[in-house]
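Respectively, the protein sequence lines represent chains D and R.
Residues 1 to 121 in the working numbering are what the first sequence spells out, letter by letter.
Residues 1 to 178 in the working numbering are what the second sequence spells out, letter by letter.
Hints may contain errors.
Cross-link-like lysine to aspartate or glutamate pairs, in silico, EDC-like; alpha carbons within 20 Å at most [to be verified]:
#1 Lys120(R) with Asp75(D)
#2 Lys125(R) with Asp18(D)
#3 Lys93(D) with Asp18(D)
#4 Lys125(R) with Glu107(D)
#5 Lys120(R) with Glu106(D)
#6 Lys68(R) with Asp75(D)
#7 Lys152(R) with Asp100(D)
#8 Lys120(R) with Glu107(D)
#9 Lys79(R) with Glu90(R)
#10 Lys40(D) with Asp132(R)
#11 Lys89(D) with Asp78(D)
#12 Lys10(D) with Asp132(R)
#13 Lys22(R) with Glu67(R)
Hints listed in this document are in silico derivations from the structure and should not be mistaken for laboratory results.
For clarity, every value in this text was computed on a predicted model and none was experimentally measured.
Residues per chain, in single letters:
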Amino acid sequence: MEKVFIERTKISPEVTLDFDAGFAELNGESYPENSVAFYKPVFNWLNEVVSAKKTVHFNFKLTYFNTSSSKSILDIIDLLEQYHSQGGKIAAKWYYKDEDMQESGEEFSSEVTFPFELLPL
Amino acid sequence: MQSTIFDEYNSLKKNFIKAMFKGPVSQEVLAELGGMIRSSLSSENSVRNIFAVFIEMAQNILHYSEEKDDNGSGIGIVKVHDADGIVVVEAGNQILSSKAEGIKNKIDHLNTLDREGLRKFYQQKLREPRPDGSKGAGIGFIEIARKAGDGKIVYSIDQISDEISFLSLKVFFERGEK
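Work out the full structure, taking the sequences as your base and the hints as a guide.
Dropping the structure here:
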């Protein structure tokens with residue numbers, strides 16, 4: 001299956017979605033006008049890897065996100081949690097560059113039961 | 001003599017205006033102004049919070065202003081000024097008068113919460129479904145209060161007509177070097 005790569009812009013992160021490797025990464029800042037539309041490819045990809053029962057490696061390397069993106073990130077994490085509860089294998093890494101992003105990572109990871117590592121960027 | 005652009009320039013300069021925009025706050029305008037604010041206040045320790053407040057305020061205008069241009073971008077005014085050791089971020093836009101009471105109650109409630117209360121409220125609201133037809137998460141005001149220097153939003157609502165009112169928001173940051 002084709003690898004999806006979305007280039008970084010001033011307002012949206014670089015997105016890598018590799019089906020064969022089960023690997024996804026968001027890298028940069030996120031405050032697009034419509035975060036639901038922007039993150040749609042990520043949800044499509046997640047649904048495919050979940051259907052194929054692949055092991056998922058998800059890297060978050062976000063340096064800033066607005067509230068609307070925050071909701072999309074939570075939805076991604078909820079979907080991963082749901083997959084995990086059905087026996088899916090997941091390894092998530094949350095990279096942070098400052099205290100705000102570290103705190104956000106802690107908040108997002110507080111309710112997950114799959115491996116969710118917090119690492120300095 | 002009648003007022004000229006020179007007078008306006010002098011007035012803005014005297015009032016230490018860092019950035020100001022009145023018109024349709026498109027995503028492009030928002031990104032450019034955001035970048036400008038960030039670079040002009042890069043030595044401030046609260047620059048990340050100032051930027052975050054500006055983005056939420058500007059996107060509020062973009063999505064929710066009652067006054068829109070032909071492309072559907074919300075029209076409003078945003079202003080950042082920096083004087084006497086205080087950075088002030090302000091925004092204003094038209095709202096439906098029928099929504100004034102709800103907005104007033106929402107902000108009044110936020111202003112009663114301390115940092116921990118705001119954090120919890122944010123987490124709680126983040127986990128609720130997106131408001132119908134909204135591009136946002138319905139938590140912009142909470143984020144603005146959380147990032148504000150003193151955790152408070154100063155606001156006023158002026159009635160323009162029976163149907164339309166004007167919402168003004170203001171947030172303060174104390175200057176401090178990184």
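**Request:** For the pair supplied as a hint, Lys125(R) and Asp18(D), confirm whether the alpha-carbon distance does not exceed 20 Å.
**Result:** Since the Cα atoms of Lys125(R) and Asp18(D) sit roughly 32 Å apart, the hinted pair is violated (cutoff 20 Å).
**Prompt:** Taking 20 Å as the top limit, are the C-alpha atoms of Lys40(D) and Asp132(R) close enough?
**Reply:** It holds: about 18 Å lies between the C-alpha atoms, which stays within 20 Å.
**Request:** Mind checking the alpha carbons of Lys120(R) and Glu107(D) for me, to see if they're no more than 20 Å apart?
**Result:** Distance of about 10 Å is within 20 Å: holds.
**Hint consistency between Lys79(R) and Glu90(R) [alpha-carbon to alpha-carbon, up to 20 Å]** = Judged against 20 Å, a Cα distance of about 5 Å means the pair holds.
**Request:** With a cut-off of 20 Å on the C-alpha distance, tell me whether Lys120(R) and Asp75(D) pass.
**Result:** holds, 18 Å
**Message:** Holds or violated: Lys152(R) and Asp100(D), Cα atoms, limit 20 Å.
**Reply:** Holds, because 19 Å separates the two Cα atoms, which is no more than 20 Å.
**Request:** For the pair supplied as a hint, Lys22(R) and Glu67(R), confirm whether the alpha-carbon distance does not exceed 20 Å.
**Result:** Measuring from Cα to Cα gives roughly 12 Å; hence the hint holds.
**Asked** Are the Cα atoms of Lys125(R) and Glu107(D) separated by 20 Å or less?
**Response** holds, 13 Å
**Item:** Satisfaction of hint between Glu106(D) and Lys120(R), Cα-Cα up to 20 Å
**Value:** holds, 13 Å
**Restraint check for Lys89(D) with Asp78(D), where alpha carbons must lie at most 20 Å apart** = holds, 14 Å
**Prompt:** Is the straight-line distance between the alpha-carbon of Lys93(D) and that of Asp18(D) 20 Å or less?
**Reply:** holds, 16 Å
**Message:** Can you confirm whether the C-alpha distance between Lys10(D) and Asp132(R) stays at or below 20 Å?
**Reply:** Distance ~28 Å between Lys10(D) and Asp132(R) Cα, so the pair is violated.
Checked against the numbered hints given earlier, the structure breaks hints 2, 6, 12 and satisfies all the rest.
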